[in-house]
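Asker: Single-letter residue listing:
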Amino acid sequence: MLDAILFAVLSAVAVAGALAMVSRRHPLGSALALIVVMIALAGLYALLAAPLVAILQILVYGGAILALIVFVIMLLNVREEDLAHEDGLRGRLGMGLTVAGLLFMGLAAGIHAIPADPFAPPPPGFGGIVAVGRGLFRDYAVPFEVVSLLLTVAVVSAVGMAKRRLD
Amino acid sequence: MSHVALLAWILFAPLAAAALNGLLALRSARVPVPVEGHHLRPMDRLAAGIGVAGPLAAAVAAWSLGFAFLARDRSLRLTELDLGTWFSMGQAHVTWLFRVDPLSLVMVLVVTTVGTLIHLYSVGYMAGDAGFPRFLTWLNLFTFAMLVLVTARDLVVLFLGWEGVGVCSYLLIGYWFSDAAKAAAGLKAFVVNRIGDLGLLLGMFLLFWSMAPGGQASLDIDLLSAHVTKLSVPLATAAAVLLFVGAMGKSAQVPLHIWLPDAMAGPTPVSALIHAATMVTAGVYMVARMHPLYHHAPAALAFIGSLGALTALVAATVACTQTNIKRVIAWSTVSQLGYMFMGLGAGAFSAGIYHLFTHAFFKALFFLSAGAVIHALHGEEELGRMGGLWSKLRVTGPAFVLAAAANAGLPPLSGFVSKDAILVATWNAHHPVWFAVGLLTAGLTAFYSFRLVALVLAGPPRDAHLAEHAHEAGWAMTLPLVLLAVGAVGAGVLEWPHELGGTLWFSAWLEPVFYPSLDHGVHANAVVDIILTVGSVAVVATGAAIGFSLHARDGASTGAPLTGLQGLWATVKRGWHVDEVLERVVVRPVVFSSRAAAPFLDFLLGWGARGFVQGLALAGRGLAVAQSGLARHYAMVMLGGLVALVAWAVLSGGR
Amino acid sequence: MALHAPLLVAAALFSIGVGGFVARRNVFALLMCIELMLNAVNLVFVTFSRQWLSVEGHVTVLLVVALAAAEAAVALAIVIMLFRHRETLDVDVFASMKE
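Protein chains in written order, with our numbering: chain A, 1 to 167; chain V, 1 to 655; chain L, 1 to 99.
These aren't lab readings, by the way, just hints derived from the structure by calculation.
Small disclaimer: the values here were computed from a predicted structure and weren't measured.
Among the hints, a few may not be true.
Said to hold, decoys possible - Here are the simulated lysine to aspartate or glutamate pairs, DMTMM-like style, with alpha carbons at most 20 Å apart:
hint, chain 1, residue 1, chain 2, residue 2
1, A, 163, L, 71
2, V, 392, V, 554
3, A, 163, L, 92
4, V, 392, V, 463
5, V, 188, V, 583
The whole structure should be built from the sequences, with the hints applied where relevant.
Answerer: In structure tokens form, the structure reads like this:
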């Protein structure tokens, strides 16, 4: 019962945060709204028996990625006149969200067609460091290494690009 | 080596040489040519080595195969190389099946042996030419295509070789393509041959179509031969005549002969190899190869023989009047091809093929020695500036005389034996008209052959300066002359008549291929044969004597020997105006009707094409609006697609 | 609690991300919309991991998070470069794909 209430609250927070994120004009506001979404999602992960993923969500998304975005926004010192001329933002947002609503209805109809029983209770240790670590470093070691290679390449190229002076 | 491996060598050694020389040709275009002529660049030496080695390897393999066959029982003289399926569509199954039987082997031996000698000769003849490796590439490629033609077991593969030699012929006639007249000659050969090839194609289609109801829808030559008797005679006759139209184009029979004299624009080795010894005999080979069909269609055979006789006579008369050394020999080739078809028409297939065999040697020798004369005179081809060269050309001169004598059919040279075999065959097949025409042609042949000898070698020089500087060519050119002269003299032994104490080895060799019972020449009356032979020798000797004595005098002209003949002489010299007549009857109406139809077609097609293009342009401009270049818009389109996909998945219930 | 509820939340987040992506012109907003969509997908993975009690979904999520980090790094570098170049964050200014 508690789970259900928590789930409903966190879901509401996530969706509200997402709506706030897309409608804020200044990127800083959007970024802060997105942090709220991330934290709410972490809570949902925890409710779904994924404690490790929940913690990493906060650490990596909330702590690293979004911090990076906020940092760049502030670094660029974006002023009001630098922002996009989003005169018809409200109208276009309305249109975009209408299409999104259509998409959501389609997806919901699809989801509804999936037969579902209540979740079975998870075995002890499910979603913990040991279980996920075993999966990540033993069964999926090769994809893991490939992703780490990709990350390295991305970091090197990001540094290379950001350093270059455009004339 | 196994027989199949030998066959593979025969086919692919020239192909490999062509490929390697092709690479060299690409390279050599960028290397400058030495200004002082007749020198080989290092890459030219390499090209020469490759270009001669390819056909030489094939020739060695061919002779090995020939001797291996001799050691076998005659029913076992057969080798096949199967390289799998080319294509398979519906009832049509075409396989890369190459087969050598005694008939194919004769052709292979001619192509590779004469071919090798001519390749060697051209190394000397073409030295110093800027496109030397290119020349050898085409020549090698021609050898390969010709070998495909004579070894193919499927008519479709044969047609591939047929077109292959046609392309090489076109490329080599127009080898000096910067000269517009030579390029035009190449084009003429190509176009006239296309007309013949249309006939060949239609004949193939007709055969395929008419065999289909019996479940034998195949163009495999052996299958066709086995089942051809099931065809109705009119159908077989139609197919046979259509196939022969192809042979008329390739083997220069009236009225499709007009390309061959013009083909002399190509380098002389090309004239010798392609337009005398091998390619032009492809039609003869094809008809002989399809002999069961022709046996089944006597009317077609009669047509072939009559057209051959007509061609032989017409071309021989024209040859008497020409003033260009190569054109005389070219017309002579047309005439001799007519002879071969006359033999085939009389049902004497082995006699026709035998004449093809000896002709390859003596006509190649004729051309090559003529080429040596031209070479000695720095490219001069007009008889009016020759004469008196006998003392200058100690090797070429005798070779030229031998070739002329063999061409004329003087005993005991090979030309005498083969020509006589055809004449006797026509008599024994009860075609007295053909025999008479053949006899007259033999006289004319002797006349123009010795007219040529007299004008080139005898008497005082007509151009003292040119004769003064005449010089014999190097060994690369004289060696092939000597070897071909041996062939031109000695090939007669293979079919030396019974009556003169010989053995018909050549007929016996081809017996497994052609039904011996239908070979009229074999069962002839000996007394009649001797009378016929003596008669023809007398005619030939008379013609030769007149031809020589009329033109060996001091101040003999290249024009009409008698003043009263000048009008006729001019007509004959223009090839009986066949070119002009064809121009009036065929070319001009076609051009006129094309011109007349052009505006209409322009309107119809142009309107359609332009409408199509404009429609495309309009659609393009319409679609270009969508290309805003904004990632956001693209994302929107993707979103639309996504929504549509989800909707489809939901509405279809996820199936 | 069953499968449907978290999947519906994920669908909602994803749809909002898509709608925002097509509506916004600010580079940062677009970037964050992409992150939102990635997170919605992650939620689906975690949900199905819970459903089948299999740890593979968790592993995938971790890999996706790493990819998102790489993507963010490169994207931000590009944004910095573009901003220096044109002094704007409006993506519609960058219409060079048209040429």
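Asker: Now tell me if each hint is right for this structure.
Answerer: We went through each hint and held it up to the structure:
1. Only pairs whose Cα atoms come within 20 Å are accepted, and residue 163/A paired with residue 71/L is accepted, the gap being roughly 18 Å.
2. With a C-alpha separation of about 18 Å, the suggested pair residue 392/V and residue 554/V falls inside the 20 Å cut-off, and the hint holds.
3. For the proposed pair residue 163/A and residue 92/L, the alpha carbon gap of about 25 Å is over 20 Å, so the pair is violated.
4. Under the criterion of a C-alpha separation no larger than 20 Å, the hint pairing residue 392/V with residue 463/V is consistent with the structure, at around 14 Å.
5. For the hint linking residue 188/V to residue 583/V, the alpha-carbon distance of about 12 Å falls within 20 Å, and the restraint holds.
Consistency note: the structure conflicts with earlier hint 3 alone.
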